[in-house]
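Number of protein chains: 4
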Amino acid sequence: MRMCAMALASSKSKWAAMTNAEIIKAVEEKQLAFYALEQALAPDYERAIEIRREVVKAKWCPSAADTHPLETVPFKNYEWDRVVGQCCENIVGYVPIPLGVAGPLLIDGKKIGLPMATTEGALIASTNRGANAINSSGGCTTAVLKEGMTRAPVVEVDSLEEAAALVKFCEENLSILQEAFESTTRFGKLKSIKCAVAGRKVFLRFVAFTGDAMGMNMITKGCDKALEVLKQHVPSMRVLALSGNYCTDKKPSAINWIEGRGKTVVAEALIKADVVEKTLKCSVDSIVSLNKDKNLVGSAMAGSVGGFNAHAANVVAAVYIATGQDPAQVVESATCITSMDKVGSDLLISVTMPSIEVGAVGGGTGLPAQRALLEVMGCAGANKEEPGANSRQLARVVAGAVLCGELSLMSGLAAGHLLSAHMKLNRKPPQ
Amino acid sequence: MRMCAMALASSKSKWAAMTNAEIIKAVEEKQLAFYALEQALAPDYERAIEIRREVVKAKWCPSAADTHPLETVPFKNYEWDRVVGQCCENIVGYVPIPLGVAGPLLIDGKKIGLPMATTEGALIASTNRGANAINSSGGCTTAVLKEGMTRAPVVEVDSLEEAAALVKFCEENLSILQEAFESTTRFGKLKSIKCAVAGRKVFLRFVAFTGDAMGMNMITKGCDKALEVLKQHVPSMRVLALSGNYCTDKKPSAINWIEGRGKTVVAEALIKADVVEKTLKCSVDSIVSLNKDKNLVGSAMAGSVGGFNAHAANVVAAVYIATGQDPAQVVESATCITSMDKVGSDLLISVTMPSIEVGAVGGGTGLPAQRALLEVMGCAGANKEEPGANSRQLARVVAGAVLCGELSLMSGLAAGHLLSAHMKLNRKPPQ
Amino acid sequence: MRMCAMALASSKSKWAAMTNAEIIKAVEEKQLAFYALEQALAPDYERAIEIRREVVKAKWCPSAADTHPLETVPFKNYEWDRVVGQCCENIVGYVPIPLGVAGPLLIDGKKIGLPMATTEGALIASTNRGANAINSSGGCTTAVLKEGMTRAPVVEVDSLEEAAALVKFCEENLSILQEAFESTTRFGKLKSIKCAVAGRKVFLRFVAFTGDAMGMNMITKGCDKALEVLKQHVPSMRVLALSGNYCTDKKPSAINWIEGRGKTVVAEALIKADVVEKTLKCSVDSIVSLNKDKNLVGSAMAGSVGGFNAHAANVVAAVYIATGQDPAQVVESATCITSMDKVGSDLLISVTMPSIEVGAVGGGTGLPAQRALLEVMGCAGANKEEPGANSRQLARVVAGAVLCGELSLMSGLAAGHLLSAHMKLNRKPPQ
Amino acid sequence: MRMCAMALASSKSKWAAMTNAEIIKAVEEKQLAFYALEQALAPDYERAIEIRREVVKAKWCPSAADTHPLETVPFKNYEWDRVVGQCCENIVGYVPIPLGVAGPLLIDGKKIGLPMATTEGALIASTNRGANAINSSGGCTTAVLKEGMTRAPVVEVDSLEEAAALVKFCEENLSILQEAFESTTRFGKLKSIKCAVAGRKVFLRFVAFTGDAMGMNMITKGCDKALEVLKQHVPSMRVLALSGNYCTDKKPSAINWIEGRGKTVVAEALIKADVVEKTLKCSVDSIVSLNKDKNLVGSAMAGSVGGFNAHAANVVAAVYIATGQDPAQVVESATCITSMDKVGSDLLISVTMPSIEVGAVGGGTGLPAQRALLEVMGCAGANKEEPGANSRQLARVVAGAVLCGELSLMSGLAAGHLLSAHMKLNRKPPQ
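Respectively, the protein sequence lines represent chains A, E, Z and F.
The first sequence: position 178 = 182 (the numbering used here), numbered continuously.
The second sequence: position 405 = 409 (the numbering used here), numbered continuously.
The third sequence: position 279 = 283 (the numbering used here), numbered continuously.
The fourth sequence: position 29 = 33 (the numbering used here), numbered continuously.
Calculated directly from the structure, the hints in this document are not laboratory data.
Where hints are given, some of them may not hold.
The list treats identical chains as interchangeable, and a pair is accepted whether it falls inside one copy or across any two copies.
[Unchecked claim] Quick list of in silico lysine to aspartate or glutamate cross-link-like pairs, EDC-like style, CA-CA up to 16 Å:
#1 LYS150 / GLU175
#2 LYS195 / GLU389
#3 LYS115 / GLU175
#4 LYS198 / ASP278
#5 LYS346 / ASP162
#6 LYS235 / GLU160
#7 LYS285 / ASP85
#8 LYS29 / GLU54
#9 LYS388 / GLU175
#10 LYS195 / GLU175
#11 LYS18 / GLU232
#12 LYS346 / GLU160
#13 LYS61 / GLU75
#14 LYS150 / GLU165
Isolated chain A (complex conformation):
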């Protein structure tokens, strides 16, 4: 698929000199691959994209309208060099996602604004309301209880005995595998390996510290190397796949809920009774009771593993899109149990989130707007003094934002005024 890259490189000047129409013809006649336009016209990526749009408009979905719908999708004045070859292929433009801010939230003693990219009406207003209530009560605190990205290759051996021996080797010789793993990375540290055996297949869940990166790339490289060394010690071992779904990435799974993935974070706030009543318009008893009926019993009845919350995913998705995180990882990052108890006459609320997968470098965090929003939050890029501190801080803020969202939505439901509020603004209803 990626063949002829060199040929392309040497002939770049040729393509640049052609007219758009000529290049389109070349694409249609398969002299130039559809995907290779950026390579052919580098560094004029905007032109490459413009040409691709013409191809798409003409061939994929001819339109009788005066203005082809694709015209509505913007593509100009963007830093495409940060995208090409890194974040996206077959580029035809970009999709703007509306961005609002909630807060700032007083979290661990600092005020931090919460950027949220969303199209769900009322979500930011609601999160903001939660932040106000929390701020009025002295803010929230967070704790990062655990940290480690995971990747679980699946391997095969020739007997059950060998499978048991392989597990034993990993337990007793972690340092050998650590050395191999860490030879591939500056920041990554292999922390442990959790093994599961199914017959002669062994799933090896590597857990690694990955600095300020979300870390999937880093850990995959490290695993690959560690498996190479492992094979020297267990020659019969065959790697079936670098990922055996025991990781688990972007799929619901109990293992992430129980073991954690990325950062395991808890955030809590003690909301004063009068704030609950005046700002949140409900009583401490009513919200505590509803939290049990909905977030515990309701989710239990629904057969949920990790979904003991009202709408954590809304907040996580909005902050993730704003800050260049991987939105597919919302699947596990948004697992959360929301606890509420009456303490004295006040409301103690907390969210426990075992699998917040975030990075301050890499992936979409390098795009201009996303990077800027991380800067606004004070956690962009690699933390030089304390590697990993920026991604941990981002994870704390995600948990804090979820805390705001849970407090606000649950109080709205407890007060029973939510539907009317939503409907008035033609917004989406409660989750």
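Assemble chains E, Z and F onto chain A, guided by the hints.
Okay, now just chains E, Z and F, sitting in the frame of chain A:
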């Protein structure tokens, strides 16, 4: 929070006449609410946003740099009137998400391009590769097996006997509740109610056809009305919350996996052996075997409910962001079991996705780029001849796109060349 | 394996006339099958068993001891004709399980003793304590919300289109399948079929009323017939297996938790505050709070589906063994959510159990002691006036017994005196 | 409830001297507690039980029949001194469970008979058939991959910060807690503690080696002591309950599936193609294919965690009841994934069972028949040379027996002859 809207309206001219500096001062002195800038300056939303950005820059995160990071976040030349009061609050701009296209995919006899907004390198290239392999084998087919958005209020009665009677009433008098429900909506049709009892709490999972809308709004309004009527028949009933998490929205849950939510779609393709070998560079046996070891056994070992796939969430998230769907609903929309079998010497692959929650109208589908991409796919807006046909078509395409993604990633893993390919492009590794 | 039954029958007199030593020799020389002793010596089953014990003692585990351990296992004076060919093969005796009684419990206005066969010290005492507390407060009430045994064959067709058509056929022609199903049974009534599709495999979960039988036999026969008729309408359909695990029998599964299997029963009691304090030695607040922390939050953290209780399985297993139910079905029968709320100053406790699989006829219920205990409870055999009433009653009692067990153990934990109590009697600790 | 034990002791001679009628009157007039009969008449427990039966017959369920049903329940000639005060209360007799044997199975090079107490027709015959097929192919091998009983108290502290500190203390000072734990037990060894935080509640899952005992008693005592010491270091900590359901005992849970509880055992066998065809009457391809469709896909569709098998619970329950194990622990002990692959032309089958909870001492293992059957299997009582070896051996045999059951039932289903076979004997159908 939204009070004084009328007061604002009448004084709009006042704010419009002020300088930005004056308005900023008014916001700082709380004469004008931070969130109310758009209302005060309507219809000049761009100016409202510009002013909010100044407030944020000055107060939330003062920066010593020449250029404040927020400057990097775009906000001009956007159709803010489609956003204000509908999709976002406290707006400060928008976040551009790179957009590429895969395919077009031959699906149910038609060629349809797959727009994907993503920052994950290699994702679109991979999906495209899958589409090519499918197209070379005659395309894929899909089936929509079920359709129905859900919402489950939780109510309380005064005894177990009453709880049982309530359940019985709902079973035997569905038509009464249908009439109430349908009085609130032009398209919505209440199909059934599934009840679960926990002590004296009853969870009523309403299932409704919602036309071309994803339907959360529609169904919530309908539920509210149906509960009002239900209360006339069961006076002791108290509504604890309009959503009791038995819905289940945006949380992992077995109930969605088993009952479905939104559209239940299956897509399949028969890939010829030589396409598997030449295009996908692996053998039918190896990919079938890996599908069992990874997507079935690996996910089983991980305690997954609904995550029997390689990376459905990647594809779903990318198509959802491109087309204005709710990215938080990726949580359940991406549940998927990927099946592979050898049929003759060819590869039969299918994806079964019980909970694809999509709409062709409402939410983010009204934003310009998102709407345009739905148009490109041929399923924008309400289908006049056959209400619901557009959202069903969108669901089919989502499943088809996931089929491409599964085929491509699994073949890459089976061929063992994935890490190198990813790493070469500094892209993220396999899921 | 069962061949030569006729040959055996005709030569019965031959075996009966031989000495034990001769028969043992014949077994050792494989002239008589080890399993066929009962057939050869019928109706003298005790002699057959005695001979088998000799074979086992001599060949399987020769013992130097004066008394072979197997001598300790009783086998005499038992009604083996109720066992042979029905309940057990290769019989060598029986295992006595100690039997105690708790209660009687005041349930739905009647006092019913709770027979429990168990070796877990303190279990019956604890259940009895719960029954006392419930009786002191006016007893408990129950409701059977749903009823239906299930069986889910898995079938295969030749395309996705056919799979969709098959599902549609089952939905639209239930009566055809009902007729087929019901032709095989006097009591069974096919209520519904729930279909799940995975590629070209279709899982058809038949739900049937099975009278006073637990019903697995009845429903399997009915399914077999219904599939035969279904195949006439969908000729390409192939039955892969009569059970496709979507039933789900004797395995943990969300489908049983959500859809129910057997009887779905709720039991509740309102325990007066002074009973909680004086009999149960804890406070209403403390037990309500612990129920949330342990049975809801603790089980949620553990990733449980259906295990939101303290020790329902203990009680279910003990009653099942006493009454001839299938102890392997404890797996799903014991799924239970225990709810506790403060109502006024009293304690409202309930247990919701969606999958109580019991029968008043069939299986082990025909054995002498087990049958007798069902008689003592007033629900033995088929109810002539109202088929199914006896098995429903048994299910109610099971739920009531679980209610006793939950109340007692939870109050003990809340009072903090459990360990000492258990240890004093050298009994097992709390679950 | 257990008060007045001393008073009873001193007056024993008094009761012994009375007639049965007098004692019955005393019980009815509450001069003697119903539960205290054994204490009053010790050591003549049989008489105590006889009297209790009279009370039950007269008061709980008067019968017009000539023979009261309870007469059918045996109680004579049993070693009640092994039961009273240990295994059962309010004793009225015992329930005989038919006992058969399967095998002997060639497991890890030794032939071991499989005692099974069951009322499910065909179960033993089927297990036996599996054993024959395995023996014909050279037997099966097993591996114990992990060992540790668990108990998880739930505690509470006063802030999130303290919760984090508590977790850290447990991680960094395991040896302090080990010392405390191990001061209470001769065999028990605390191996690790896994902490989960939900707000200010902390669940501490203790994992301990418990020698040849199943170990719930041992670990609970150890936890109690360790918590006492932990509280000295974290004075704000309050123990909410000695079991917080994060253990998890006798409830379905992902944590046991993923972390294991008791013994984690895998058993495998390579069945020769001709054995599959001749003994098992199916083909290797058909059984491998069915294992995927039923045990993997079917269970996945059903939302199962840990139920990827055909009927492990049947075999586990039968062996547990025969050998005095806790039948309520079948819930988690029977979780199992059954793998089948074609290796060459043969069938590789394995069962992976992470949570086999068995003991060779304690609980019901001390009863005469149960103890004898453990002796027959060669693993009764505490292993003096290698503590724990007997319970591990029992766990291996359980896994081996399950392997037989899986092989046999799956081949029967694959061959399609199961229903007829079952029906002929009026037995229960496949699981």
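Cross-check of the supplied hints:
no.	hint	in the structure
1	LYS150 / GLU175	between (20 Å within a copy, 12 Å between copies)
2	LYS195 / GLU389	neither (21 Å within a copy, 36 Å between copies)
3	LYS115 / GLU175	neither (44 Å within a copy, 32 Å between copies)
4	LYS198 / ASP278	neither (48 Å within a copy, 38 Å between copies)
5	LYS346 / ASP162	between (57 Å within a copy, 13 Å between copies)
6	LYS235 / GLU160	within (11 Å within a copy, 41 Å between copies)
7	LYS285 / ASP85	neither (50 Å within a copy, 31 Å between copies)
8	LYS29 / GLU54	within (14 Å within a copy, 44 Å between copies)
9	LYS388 / GLU175	neither (33 Å within a copy, 28 Å between copies)
10	LYS195 / GLU175	both (12 Å within a copy, 14 Å between copies)
11	LYS18 / GLU232	neither (43 Å within a copy, 69 Å between copies)
12	LYS346 / GLU160	between (52 Å within a copy, 14 Å between copies)
13	LYS61 / GLU75	within (9 Å within a copy, 33 Å between copies)
14	LYS150 / GLU165	between (33 Å within a copy, 14 Å between copies)
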